[in-house]
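Enquirer: Each chain, letter by letter, is given below.
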Amino acid sequence: MVTSTAIITLIQRAILQGIPILYGSTGEILTEKSGNLNLGIPGIMYVGGISGVIGAFLYEESLRDGGTVNAFLAVFIPMICTIIGSLLMGLIYCFLTVTLRANQNVTGLAMTTFGVGFGNFFGASLVSLTDSDIPSVALTKTSAYFRVTLPFAETTGWFGKVFLSYGFMTYLAIIIAVLCAIFLKRTKGGLHLRAVGENPATADAAGINVERSKYLATCIGSIIAGLGGLFYVMDYANGVWSNEGFGDRGWLAIALVIFAIWKPDFAIFGSILFGGLYIVYLFIPGLALSTQELFKMLPYIVTIIVLIIVSARNKRENQPPGYLGLPYFREER
Amino acid sequence: MSNPLAIELKGVTKVFGQVVANKDVDLQVRKGEILAILGENGSGKTTLMNMLSGIYYPDEGQIFVNGEEVVIKSPKDSFKYKIGMIHQHFKLVDVFSATENIVLGVNDNEKYNIKQAKKRVQKIIEKYGFEINLDSKIYEMSVSEKQTVEIIKVLYRGADILILDEPTAVLTPQETSKLFGILRRMREDNKAIIIITHKLHEVLELTDRVSVLRKGEYIGTVETKDATEQSLTEMMVGKKISLNIERPDPVNPKDRLIVKNITATNSDGREVIKDISFTARSGEILGIAGIAGSGQRELLESIAGLHHLSDGEILYMTGGETVNLRDKSPTQIRDLGVRLSFVPEDRLGMGLVGNMDIIDNMMLRSYKKGNSVFLDRKKPKDLAESIIKSLEVVTPNATTPVRRLSGGNVQKVLVGREIASNPKVLMVAYPVRGLDINSSYTIYNLLTKQKENGVAIIFVGEDLDVLIELCDRIMVINSGRITGIVDGRTAVKEEIGILMTQDSKEEKNNE
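Sequence lines, in order, name chains A and B. Counting with my numbering, you get residues 1 to 333 for the letters of the first sequence. Counting with my numbering, you get residues 1 to 511 for the letters of the second sequence.
Next comes chain A alone, as it looks inside the complex (with noise of 0.2 Å):
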């Protein structure tokens, strides 16, 4: 029965590193369902984490004194400023591309690397107040919260170890996911966001506001992109803020866009398998540190092969929206 306690592990481990990419890459469907190609969704999960450990380390700090923690606050603070960090960013990447019509994938790239500087430049200066030996803030009271688990988790053998024993960012994340799987698929405003993703010109002919939708589309993705940095603080890495610990998450996200052919309820499979293959090998014993990193390569390369087949199966329904990366003008004389 060794196998079978391996798998459980697997599969649990396999959801936990999924969820961060399940965000990003729900919030980045949504934006690019606008037409919005926004490269800048791995900065903006550094900036949601970030955020959201500023918020918690103040509200800690505040409690030194021997206040007790809240529940209700120590949830909530961070939350809020993951949201209001992670919009500021989706804000700039509006108004740099939609308002100003810059070039998408220059801008997406340079909110990457500004949020990836951010992250560590005040990862770097948290670390320094608090005094510490290692390079790292260490959140555990606001973390516990975070990691409350459904009842049942411990009592329900194998089956409340694969589905219960999660945080509720969790499922906050696979009910993101379906909920904007129904809104695209089945709602009007899901048929105008589209719309305007695949032809904003039409769009516009039909009456919908074209700037307004890739606004709301793009900022809401972000929100949700950055509430994938968060959970990977607080949940995954137990509260734990260490430079350049997010990784290439952010990248692997936007990958996950493509495996998922623009679908977020395929995201939320593809996530597991994603996280899956992102941590197999931790499993396969022997495995030298290079191998290792071959391992990591696993994601990337089955989204290349993905891609291959949706292209050569050339079904138009699974391809990018049509004005995917282009800006839009009304056309004048």
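No wet-lab data here; the hints were simulated from the structure. Take these hints with a grain of salt, some might be off.
Cross-link-like lysine-lysine pairs, in silico, DSBU-like; alpha carbons within 30 Å at most [claimed, not checked]:
#	chain 1	residue 1	chain 2	residue 2
1	A	Lys-188	B	Lys-119
2	B	Lys-118	A	Lys-315
3	B	Lys-118	A	Lys-263
4	A	Lys-185	B	Lys-123
5	B	Lys-91	A	Lys-315
6	B	Lys-225	B	Lys-493
7	B	Lys-73	A	Lys-188
8	B	Lys-146	A	Lys-263
9	A	Lys-188	B	Lys-118
10	B	Lys-137	A	Lys-263
11	B	Lys-137	A	Lys-185
12	A	Lys-188	B	Lys-115
13	A	Lys-263	B	Lys-91
Here are some, though not all, of the chain B residues that point toward chain A, as calculated from beta-carbon distances under 10 Å [said to hold, decoys possible]:
#	residue
14	Pro-75
15	Lys-76
16	Val-93
17	Val-95
18	Glu-100
19	Ile-114
20	Gln-116
21	Asp-135
22	Lys-137
Just some of the chain B residues that point at chain A, by a computed CB distance under 10 Å [unchecked claim]:
#	residue
23	His-87
24	Lys-91
25	Val-103
26	Leu-104
27	Tyr-139
28	Lys-153
Keep in mind the model is a prediction, meaning the values are calculated, not measured. C-beta: ideal position from N, C-alpha, C; glycine also.
Fit chain B to the known structure of chain A by using the hints.
Expert: The following block gives chain B in isolation, referenced to the frame of chain A:
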């Protein structure tokens, strides 16, 4: 004909920069009638209708809908007054189904329910007799089906006034008659219909009244039953205007380019040029007249080696030698020593690179010359400067991106470059489109000078007055076929006008 007026325009004027697109136009459309707006290319038909659909805003004049004066500033306003326009270029989302496209953007404050929407659409379909599968995706549809979706889309929004911009341009004769059936049923339903066209027989077959525009001006309205093709053509092309372009007689003309029975299809598999044969001679300007989209572009591209021929051959004669250009790429054509220059109609798309400066654009034609690894910038620079000087190109300097120049100056750069390569055959498509009178004359004089140098010139134009003044011979094409070749010195506008429009009727009988 005592139906109340649906739309009335009074003194509507629209100016783009220096170009007057519409001047003091009056127009009336009644409920339950089909009105044709007839005019040549560039006569301002589409601009006028775009003012009704909210794309442009008139500079002067009033618009009345159902007797009340209205202001239409955006497509939304236009929906509000129940005006629906079916554009020549469809505005549809390719990956959406027909139903999704039809309901797009309709805010009826109802819960989104695609099934109920479909039922409502189905009712419209039954009422007017459309044939369409509402579940199929736009990218799977034929042009005619896409047009059907556009029409239903407009009706779904409750339009009472429909404007169709050249709806039959892309349809087969069978599809056209089906469309006409639907339009007649809408007329019975008391809708007002405006159809923009230049096909005379369609006007006579379908409409109740015809309003004619010429060069942006309103010429008049006649009852269709009192009109004939002859009378409408006269209204459309008007009196001959003297332009005074110099036209020296061709000196010692020799056959330079012989085109024999060429046929070509477009990417949809439709034949765009059919069995075309003609000869271009040195020292002569051969004009090509025809309504836009009759195959002019494909014809020139075929000769330039950019379009695949399904039949026929193109022979280039030089000093006793004959070279067949069929199925050769532009590079192969040049390597054979054929001196062919092509000024395409899409200047910044096919002719020049907008973001590059004049010097770099000169190099596009010469960069393969020489064996050095590095580019020779000296010669293109001299060439650029000599063109700027001799053609009076208005630009800050030779390193300004071409995209920043005005249309006329862009054209001068392009024509200058092509002439500088000393062509034996020079093909120009709509070289004066969008140019003011002065620039136009510069271009005409350039062409005449080349003709005197013994170049065979093929000139595709849209202004018949100019063609008659400039060209030695005028070839008229219609729906990809030659309908006549006339002498430029004796040609009459009406004659060319009829050649341009009449043949589509014969084609219908053939099929």
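Enquirer: Hints broken by the structure, by number, lowest first?
Expert: 20, 21
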